[in-house]
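Fit chain B to the given chain A structure using the hints.
Line order of the protein sequences matches chains A and B. Residues 1 to 432 in this note's numbering are what the first sequence lists, from first letter to last. Residues 1 to 607 in this note's numbering are what the second sequence lists, from first letter to last.
Just to be clear, a hint being listed does not mean it is correct.
To be verified - Simulated pairs of lysine-lysine, DSS-like, Cα-Cα distance not exceeding 25 Å: (1) A:LYS54 x B:LYS161; (2) B:LYS454 x A:LYS430; (3) B:LYS516 x A:LYS430.
Claimed, not checked - Which bits of chain B does chain A cover? Going by a derived footprint, with three or more residues having C-beta under 8 Å, they are: (4) 64 to 75; (5) 187 to 196; (6) 239 to 245; (7) 256 to 267; (8) 491 to 498; (9) 504 to 510.
These are calculated hints, taken from the structure and not from any lab test. Idealized CB from N, CA, C, for every residue including glycine.
Listed below are the residues making up each chain.
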Amino acid sequence: MDNTLDAASQAGKMPRRGQPLWRQVLRPLASLRLTVVLFVLSLLLVFYGTLAQKDQDVWDVVHEYFWSWGVRVPNQLHLLFAQVFFGAPTEARWTEAYLPLPGGKLLFWALLVNLLSAHLVRFRLSWQRSGIFMIHGGLLMMMAGEFVTREFAEENNMTIMEGGKADFVESLRFFELAFTRARPDGQIDTVVVPQELLRQAIKSGAPIQDEALPFQVKVLSYAGNCDLLEKPFPADFQNPATQGEGLTLRVSERPPVSGVDPEQRINMPGAEVELLEKGSGKSLGVWVVSAWFQLTRPIRTQKVTPDAPADESWKVALRNKRGYRSYTITLNKFTHDVYPGTDKPLNFQSDVLLQDPDMGVERTTVIRMNEPMRHAGETFYQHQALAGDSGSVLQVVRNPGWTLPYLSCAVVSLGMLTHFGAILLRHLRKQA
Amino acid sequence: MNEPEKTIQSLPDHAPWWTWVAASILSSVVVLLLVASSYRGSEFDLDGFGTLPIQNGGRIKPMDSLARTSLMIITTRTVYTDDKGKSRPAIDWLLKVMTSRLMRDKAPSLQVFRIENDQLLANLGLKRRSGLRYAVEEFQDKLGLLEDEAKRANEARKAGKRLDPYQTGALELANHLQLHIQLATFTLPETGLFPPATRESDSENASEPADRQVWTPFLLALRAGREGEPPDPALEIYSKILGAYAQNRPKDFNDAVREYHKLLDTRVGSELMSKLRLEHGYNFLNPLYATLILYLVVVLLVLLGWLVPAPALRLRDIGFATALIAASLHTVALITRMYIHGRPPVTNLYSSAVFIGWGCAWLGIVLESFDKRGAGNAIAAVCGFLSLLIAQFLSEKGDTLEMLQAVLDTNFWLATHVTCVTLGYTASFVAGFLGIGYVLWGMCTPTMSPTAGKSLAGKIYGVACFATLLSFVGTVLGGIWADQSWGRFWGWDPKENGALLIVIWNALILHARWGKLVGNRGVAALAIAGNMITAWSWFGTNQLSVGLHAYGFDQTLAYALRWTWIAHLLLVGVAMLPTEYWWSNRANHDAAAPGVAGNPSTRGKRR
Chain A
1 MDNTLDAASQ AGKMPRRGQP LWRQVLRPLA SLRLTVVLFV LSLLLVFYGT LAQKDQDVWD
61 VVHEYFWSWG VRVPNQLHLL FAQVFFGAPT EARWTEAYLP LPGGKLLFWA LLVNLLSAHL
121 VRFRLSWQRS GIFMIHGGLL MMMAGEFVTR EFAEENNMTI MEGGKADFVE SLRFFELAFT
181 RARPDGQIDT VVVPQELLRQ AIKSGAPIQD EALPFQVKVL SYAGNCDLLE KPFPADFQNP
241 ATQGEGLTLR VSERPPVSGV DPEQRINMPG AEVELLEKGS GKSLGVWVVS AWFQLTRPIR
301 TQKVTPDAPA DESWKVALRN KRGYRSYTIT LNKFTHDVYP GTDKPLNFQS DVLLQDPDMG
361 VERTTVIRMN EPMRHAGETF YQHQALAGDS GSVLQVVRNP GWTLPYLSCA VVSLGMLTHF
421 GAILLRHLRK QA
Chain B
1 MNEPEKTIQS LPDHAPWWTW VAASILSSVV VLLLVASSYR GSEFDLDGFG TLPIQNGGRI
61 KPMDSLARTS LMIITTRTVY TDDKGKSRPA IDWLLKVMTS RLMRDKAPSL QVFRIENDQL
121 LANLGLKRRS GLRYAVEEFQ DKLGLLEDEA KRANEARKAG KRLDPYQTGA LELANHLQLH
181 IQLATFTLPE TGLFPPATRE SDSENASEPA DRQVWTPFLL ALRAGREGEP PDPALEIYSK
241 ILGAYAQNRP KDFNDAVREY HKLLDTRVGS ELMSKLRLEH GYNFLNPLYA TLILYLVVVL
301 LVLLGWLVPA PALRLRDIGF ATALIAASLH TVALITRMYI HGRPPVTNLY SSAVFIGWGC
361 AWLGIVLESF DKRGAGNAIA AVCGFLSLLI AQFLSEKGDT LEMLQAVLDT NFWLATHVTC
421 VTLGYTASFV AGFLGIGYVL WGMCTPTMSP TAGKSLAGKI YGVACFATLL SFVGTVLGGI
481 WADQSWGRFW GWDPKENGAL LIVIWNALIL HARWGKLVGN RGVAALAIAG NMITAWSWFG
541 TNQLSVGLHA YGFDQTLAYA LRWTWIAHLL LVGVAMLPTE YWWSNRANHD AAAPGVAGNP
601 STRGKRR
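Chain A with its partners taken away, still in its complex shape (with noise of 0.2 Å):
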């Protein structure tokens, strides 16, 4: 240790007698020690959560690393990173150990209290200081509007055929088991059993009932994932299956799809329900049901009470869960243009027009890559097109959050230049 520093630490222990508690306490939390070791552990973190994405999904890479506590990196990630660089034998195996380290939330409170007490013990307000005022509460606010939208965003698909119109938006993680009935005059009834529902009635082995159906319906398998394998079964398959698509195809469980799937595909359950007679519980069948069925044109539903009349007539679906919206978005034309003489994608493009009676809107738009439309406090994205580009896949948000980000770039840009523009003009005062 250097003799300066000693030096330094006890000038600074003699005015410190005369101060409050509170300052003794919050003094060594404000250090700046604290704060460099507080980064090298964030930089840390990011590094490992870059190198998790090779093999992780980025949802769960965020939840382990960046929305936790604490993480236990594996040392399997270091193996990867010496075969990309530094040629280590793509088949050599390391020992099983972690590196513990805290997690985002950790870090990200340590790193409030750290600079809170800083501002209460080391800052007082001045003009001069203006500017890191600026940028420490721009960071606040960034970090503020990221957990609003952790918590709050809501993200949607909203698929358009070109010429037809839609009123809802679907989940493109959870699901819902849908029964419907078309009335004569054109109304749809729905009843809708989400997904935790499903799990939750496995677990009981209960029946779920409604009073809208007159049956009981009764899961009897959920998977999260899953494949639908046609005949021949294997032949020590018992199928479930008495009615409906279910005598030609069976469900197989599949894991979950990882993150960085190259392709990008989407979990894809499936279920076997058996439904029960009111009152006596008489089976009427067990069915098959599956999103995948969401994928085909015309959708396939299942009917599940072939011989009643027409308007008592209920179908089934697995279906992406909706959100009824009270506005409607018709798809008047959609465009993929590509660059000429080239499959490349130069633009895509929704020319729609949107119908919200609540809010006496009636207009048409443009929708297309990195212009997006903002309606009741929803923006829409253009996200795919459907194969054959006969319709348009808008990305739905709702994100209350959205302007924080925003707001605190530009207080926080503004800061650095106030911060730093002084620290300049300081330096050339010195030189002239």
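For chain B alone, coordinates are given in the frame of chain A:
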């Protein structure tokens, strides 16, 4: 301040006029020599042919650009050596390839295929020779073997296995052969040769400029003619051009080229043609290569200026003036590329290297004008040189003015976010190289006085401030772009994380200094480590997505990164050696009069 006399003194503000004249003459000589060496006369109007347009990869480019990028891929140069040992331009090679089916023997006998792997050479029955370039006819009988090896290598790669150099070589050679065949048989994908003829007559199409339409590929035009449709005059003239070349009739060739140009004037419009001429001229003058050489000259001048005890020669002044000229040439090249491409400066890795070099050069020049000890100038020249060298290497991958994916097709965000982040990389690199300069100067020479060291460390600190600002703003702008294009401000994806690492690292440098946890030497060491992080963000994250499947070009990048990191780690290690071992520190001690208590500005720096 009583500095030891040995230290490098700051130069007076105004250099004598003749140093500027000397720098101008020096630069002109360098540029002229380079241009003269790349000029190769021919009876054939190769420039006229090279300016002819072709639609390839979604953009209209001069034939010359196609020739250069293709030859660059195959042979890693833009010229080739003919059978008489004379160096010939790429467009001549392309013409030989395109006419090779008319003249059976010409193209296969050109020694252009670069094969580096010894084992592959042996298996193809070839002897190692200088340049490592071979003709198809030399290994024609082994093509079956090559195909098998390439197929096996490709399967191994798909199975996630790492390719050894032999497999990599086989796979690359097979790809290069395929490119050659595609050029020879007019089957290059995404390529059209003849602009549509409907420009004036068809009023509906007239509004659509020629570069927005799909051009007709050679074979399609040929087939249309055979099926009894009226032949496209463009095809007829083009055939004349190729025929005249194949039969070695320069006059007919030149006439046909002129005729074709006239036809083009009615089809593609003068604006596009003038852009093609500009790109052709740019290719020929190759200003970035001249800039690269000029930066090298500046490095030499600065070094000589430090080493040669003859201040009257004003070598460092001449070096500074030359650096200004080089950076101006760099600017002109950058703007020309932007004009041809119609895009902001950074659109791919190649252009990011060019831009980072440009930013480093000007930042170095600004630093030098504050304090003329040569450090800023050295940074400008070294960083400019290195990044253009990297660019030169990256250009081996293909067209450097390639078209962008749909989501990147926004000049606004390319101009703001990408430019800002890249400038953040630039500033971080400048800080890092200043750090390296600090360590080398202090460790390996006796001339770094305490004040000079302090001043240099102050520069590192200032540049780190600048880097923090730019990388932060750039990163957040990226978030806002993401919010604009898919509604997610921050997605923790590798590239975003890379930018975040740079922001945190720069913030760490600043906080460590404010907290007096590090002194001048510590700031230098941290800035050097910053280079490692910037290199990770620039190349490492891309490498991660290619990962274990990397081969050839990408594998070379991984090696380069590895050695960059190792070298920087060593430098950080050197920076952390106790000050007793620093030559400058010992020299300062000896210089200080006995009885004076130490040397405050270096003693305090031991933390």
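Outcome of the hint check:
| no. | hint | result |
| --- | --- | --- |
| 1 | A:LYS54 x B:LYS161 | holds (16 Å) |
| 2 | B:LYS454 x A:LYS430 | holds (14 Å) |
| 3 | B:LYS516 x A:LYS430 | holds (20 Å) |
| 4 | 64 to 75 | violated (count 0) |
| 5 | 187 to 196 | holds (count 3) |
| 6 | 239 to 245 | violated (count 0) |
| 7 | 256 to 267 | violated (count 0) |
| 8 | 491 to 498 | holds (count 6) |
| 9 | 504 to 510 | holds (count 4) |
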